[in-house]
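Residue strings, one per chain:
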Amino acid sequence: MLRNWNWLVWSGFAAALLAAFSYIPFFSRFPATRDFPWANLLLFLAAGCMLGIGVYRAFAHSSRYRGKISGIILSVLSLVLCGLFCFGVFFAARDLPSAKSALRVGQQAPDFLLTGSDGNPVTLSGLRQGRRAVLLIFYRGYW
Amino acid sequence: MVAISVDSPEESRRLCQSRGYTFRLLSDPRADTIRAYGVIHEHGSEEGRDIARPAEFLVDQTGTIRWVNLAGTLLARLRPETALRAIDGMAHANARGFVR
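Just so you know, the protein sequences line up as chains R and Z, in that order.
1320 is the number of the first residue of the first sequence in this note's numbering; add one for each residue after it.
1031 is the number of the first residue of the second sequence in this note's numbering; add one for each residue after it.
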């Protein structure tokens, strides 16, 4: 008897791929999905559900559905993707130095002399001239 | 508003041109200023170079730090409305004027 293609395990794997690789090119562009990657975690959840049902029916209804081996391989690969994603989001991205060393509210901001992108020198005291407040944004840079 | 990183002025110029930024990018290649503000991330770059961690300081007219924002994760970025709220808060507390 010809058994049905177990599309759920393949859809589940596709969802896991999408979940793992859509954050940087797509979801990181929007503040709502960037600061906490809930959209990607939801995609992983959907992938898990599809793979779970797909593998279950491959074994429970093996006369009707294929996908025992492919289901297990794709499930393991999806788990690895999910693990790497969670490691990146919850450990690697939070591996920042302690905030305790940073200057605090009420302290005097040290003056600086830095080079602007036009090549001209810029000082904090110069930026503050004319009784202006200044917002300093430190960023990692693109090296 | 100025942005500070270890990038060279040439890299910052390229970034400004490609993204259309109108605020100033300042270059701190030896990370002296980044260190002075206590926001150094040692070996933070992929090549192990010392770079700045993301951090924002609002400095008032007298040179006093009035607001600090240190995100706990690299995924989070300062939202414009958050910065504006901090500036409004400072303005309510005292003064006027903000350099862009």
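Mixed in with the good hints there might be a few duds.
Stated by the list, open to error - With a Cα cut of at most 25 Å, we get these calculated SDA-like pairs of lysine to any residue: (1) R/1419 <-> Z/1040; (2) R/1387 <-> R/1407; (3) R/1387 <-> R/1321; (4) R/1419 <-> Z/1066; (5) R/1419 <-> Z/1050; (6) R/1387 <-> R/1434; (7) R/1419 <-> Z/1032; (8) R/1419 <-> Z/1053; (9) R/1419 <-> Z/1044; (10) R/1419 <-> R/1407.
Simulated from the structure, these hints should not be mistaken for lab results.
For each hint, the structure was consulted:
1. R/1419 <-> Z/1040: At roughly 32 Å apart (the allowed maximum being 25 Å), residue 1040 of chain Z and residue 1419 of chain R break the hint.
2. R/1387 <-> R/1407: 30 Å, violated
3. R/1387 <-> R/1321: Holds, because 15 Å separates the two Cα atoms, which is no more than 25 Å.
4. R/1419 <-> Z/1066: 13 Å, holds
5. R/1419 <-> Z/1050: 34 Å, violated
6. R/1387 <-> R/1434: 62 Å, violated
7. R/1419 <-> Z/1032: 23 Å, holds
8. R/1419 <-> Z/1053: Measuring from Cα to Cα gives roughly 28 Å; hence the hint is violated.
9. R/1419 <-> Z/1044: Violated: residue 1419 of chain R and residue 1044 of chain Z sit about 33 Å apart, past 25 Å.
10. R/1419 <-> R/1407: 23 Å, holds
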